[in-house]
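Undergrad: For reference, the chains in residue letters:
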Amino acid sequence: MSTLDDDESGTGTATERRRGPGLTRRLSYPVRRSVLRLGTVGSALLLGFLMAFPLYWMAQNAFKTRLAINAGVSWLPTGDAFTLERFGIVNNGAVLTYITNSIIVTIGTVLLVVAVSLVAGYGLARYDFRGKVAFARFLLLGYLFSPIVLALPLYLIWDWTGLLNTHIGLILALSAVSMPFAVWLMWKYIQTIPQAMEESAWIAGAPRWRGFVDVVLPQTTPAIIANALFAFGLAWNDFTFAQILLPSNDATTFPPGILRLVNASFETGYGDFMAVGLLMTIPPLLFAFFLQSYLLKGFEIRAL
Amino acid sequence: MVQVHAQGLRKEFGSLVAVEEFDLTIDEGEFVTLVGPSGCGKTTTLRMFAGLETATAGRLLFGDRDVTDLPPQERDVALLFQDIALYPHMSVRDNMAYGLKIAGYAKPDRYERVEETADLLQITDLLDNRPADLSGGQQQRVALGRSMVRDPALFLFDEPMSDLDAKLKRDLRPLFEEVTKEIGCPTLYVTHDQEEAMTMSDRIVVMDDGRIAQVGGPEELYDDPDSEFVGTFIGQPTMQTFQGRVVEERDGLAVEVGEHRWPVSTRNGLAEYTDRPIRVGVRPQDISVTEDTSGGLAGEHVLDEPLGDRTNSFFDTPEGRVTVVTPKGFRGEGRAYGLRPSSSELRLFDPDSGLRIR
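Line by line, the protein sequences are chains F and Z. Okay, so the first sequence: first residue is 1 according to the working numbering, each after it adds one. Okay, so the second sequence: first residue is 1 according to the working numbering, each after it adds one.
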């Protein structure tokens with residue numbers, strides 16, 4: 001008998017059963033359905049508002065003249081208040097350098113993370129070695145430390161090895177932060193690809209690397225994309241490592257760069273930072289938007 | 001086409017010996033089945049033939065080519081996997097052509113060979129599909145096609161049908177046999193299903209605990225098992241075994257099971273078991289059921305499994321539950337019966353080693 005049945009003609013015992021264990025009070029189906037829908041829609045709206053409002057705040061300020069910003073919040077910048085001149089800030093040499101640095105560091109981090117996680121994940125999935133599980137657990141320990149705890153010793157090491165103020169230095173640091181998750185994901189993902197597929201390729205005459213490229217690699221696309229997205233977000237938005245490992249203004253990336261600019265200049269206005277901030281949120285949004293279906297597939301692993 | 005020889009193959013995993021003293025020769029065009037319970041080492045043995053496991057000791061020869069230490073890539077074998085292992089990201093056509101691609105065939109040649117094979121297996125209309133779109137039986141046909149396009153020196157099957165339903169198995173069985181006969185290379189087929197082994201093989205290798213228990217043709221193993229293990233493993237329903245004693249009677253030796261004695265024809269080795277326990281095996285087909293309870297094991301009927309052409313009937317006896325093959329239409333109705341094994345069909349085994357006493 002369906003407990004969703006809402007007819008009231010049931011006998012006494014049936015009613016008793018409906019009030020059985022765990023069901024202290026039962027509402028009728030239409031009422032429950034409306035309450036559920038209200039709750040779902042309501043919480044989605046609330047969450048959406050909380051997340052979207054700062055973006056909206058940034059966006060509307062990016063299109064306003066300085067006077068209009070000082071005048072306070074308006075629904076949408078219209079008429080005299082509307083301007084595109086805020087975006088002129090990208091012509092500022094320093095900002096352009098920051099953006100270029102961000103792009104280089106992000107691309108480098110994504111490529112390094114994807115390449116290393118593939119090789120390491122394959123190794124973990126296909127080879128047995130002493131202490132493998134302990135090693136894998138140890139990988140995740142890295143997440144227990146906050147970036148600032150790691151960044152200070154890194155500063156000393158980077159300074160000593162000459163990696164300070166270099167793109168490669170920051171790429172290495174950011175890759176190291178993304179790597180535990182990326183390797184773990186790739187390991188679990190490759191475990192879901194039956195070994196027999198590779199063995200079948202070997203028997204067909206393919207060397208091990210060829211089997212990996214032809215058989216394993218094409219099937220790891222979702223995990224590659226998930227790792228790329230994760231590394232992208234981390235590198236693009238990183239503040240702590242860039243601030244500490246790229247102290248020179250010429251070398252640093254956008255997030256610390258823009259803060260230094262805010263602190264240093266009286267000329268550049270509030271709205272200009274909003275404009276360039278808006279521009280900088282667009283790439284990750286696009287990246288995530290186009291790859292989200294793959295991303296979800298990447299996390300559809302039973303054994304994770 | 002060549003003979004395949006295995007000489008003293010042995011495989012250890014750490015301190016565990018998975019396979020030992022494995023000697024076998026497979027002739028050209030011969031279909032040999034490796035059968036045994038799970039964990040008996042049959043798949044490990046097959047993987048040594050494929051090169052996916054390296055033998056700890058022993059030699060493996062394909063003709064006069066010593067392949068013992070060759071990797072799978074250089075052995076020129078075909079292997080059909082239990083989990084089929086088609087590449088999900090390639091079309092059926094590209095799956096089948098993969099081996100040829102690795103071997104360096106040009107695209108038109110590859111596809112031509114694939115079409116020919118597909119024609120033979122009647123899967124031409126599936127060539128453009130992805131493996132995920134196919135049924136289990138179709139997938140196994142495609143996998144078969146993929147492994148045969150390259151004219152292998154040895155055809156290996158690793159329980160290819162254990163995940164398929166019974167009807168599909170019966171359809172695929174003759175196909176596997178025809179295809180391997182057509183190619184004419186030696187074939188080694190691994191299964192845990194004795195029925196598959198019986199129906200498909202020229203010869204059967206029964207394995208137990210890493211060793212070969214017996215090698216022989218299907219009827220040979222059925223009629224003349226070397227041990228209690230082989231006797232009970234081969235044949236449906238399972239051979240019935242009893243704890244018995246050898247006793248001396250006026251006109252020769254007899255086997256005593258419970259209160260009943262059955263004379264046995266003189267066997268050379270039996271005399272030394274006189275007054276000692278022994279294992280007695282008899283096939284359910286060789287036990288007759290009579291209403292007269294005096295002449296055999298007293299059995300109380302439990303239930304019948306009608307199979308159409310015959311019935312499997314179960315009886316509770318003082319010696320335990322006994323299965324008997326009874327005629328079509330037999331219904332025991334829970335009454336008491338006498339169960340009489342045909343004394344010429346008794347198989348006697350040593351109680352300790354399980355080996356046959358002949």
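If you are wondering where the hints come from, they were derived from the structure by calculation, not from laboratory data. We treat Cβ as the ideally placed atom computed from N, Cα and C, and that holds for glycine. Where hints are given, some of them may not hold.
Facing chain F, from chain Z, some residues (calculated, C-beta under 10 Å) [to be verified]:
#, residue
1, His89
2, Asp109
3, Tyr111
Here are a few chain Z residues that sit away from chain F, every Cβ distance over 10 Å (derived from the structure) [unchecked claim]:
#, residue
4, Leu24
5, Pro72
6, Gln73
7, Glu74
8, Arg75
9, Leu79
10, Gln82
11, Asp83
12, Gly99
13, Ser147
14, Arg150
15, Val247
16, Gly329
17, Ser344
18, Glu345
Undergrad: Against each hint, give a clear statement of whether it holds in the structure.
TA: Cross-check of the supplied hints:
The beta carbon of His89 (chain Z) is positioned within 10 Å of a beta carbon in chain F (closest approach about 4 Å), and the interface hint is therefore held. Taking 10 Å as the C-beta contact cut-off toward chain F, the hint placing Asp109 (chain Z) at the interface is violated, the least distance being around 16 Å. Checking Tyr111 (chain Z) against chain F by beta carbon gives a least distance of about 16 Å; that is not within 10 Å, so the hint is violated. The beta carbon of Leu24 (chain Z) sits about 20 Å from the closest Cβ of chain F, which is more than 10 Å, so the claim that it is off the interface holds.
For Pro72 (chain Z), the non-interface assignment is contradicted: its Cβ lies about 5 Å from the closest Cβ of chain F, within the 10 Å cut-off. Under the 10 Å C-beta cut-off, the non-interface status given to Gln73 (chain Z) relative to chain F is violated; the minimum distance is some 5 Å. For Glu74 (chain Z), the condition that its CB be more than 10 Å from all CB atoms of chain F is violated, with the nearest at approximately 8 Å. Remark: the non-interface label on Arg75 (chain Z) conflicts with the geometry, its nearest Cβ contact in chain F lying 8 Å away (cut-off 10 Å).
At roughly 5 Å, the least C-beta separation between Leu79 (chain Z) and chain F is not larger than 10 Å, which violates its mark as non-interface. Under the 10 Å C-beta cut-off, the non-interface status given to Gln82 (chain Z) relative to chain F is violated; the minimum distance is some 8 Å. Distance to chain F contradicts Asp83 (chain Z) as a non-interface residue, since its nearest Cβ pair spans about 5 Å, not more than 10 Å. A beta-carbon of chain F is positioned within 10 Å of the beta-carbon of Gly99 (chain Z); the least distance is around 4 Å.
Not every Cβ of chain F is farther than 10 Å from the Cβ of Ser147 (chain Z); the closest lies at roughly 8 Å, contradicting the non-interface assignment. Interface exclusion of Arg150 (chain Z) from chain F breaks down, the closest Cβ pair being 7 Å apart, not more than 10 Å. Once the 10 Å rule is applied to beta carbons, Val247 (chain Z) is consistent with being away from chain F; the minimum gap is 55 Å. Once the 10 Å rule is applied to beta carbons, Gly329 (chain Z) is consistent with being away from chain F; the minimum gap is 43 Å.
Non-interface call for Ser344 (chain Z) relative to chain F: holds, since the shortest CB-CB distance, roughly 48 Å, exceeds 10 Å. Every CB of chain F is more than 10 Å from the CB of Glu345 (chain Z) (nearest about 43 Å), matching its label as outside the interface.
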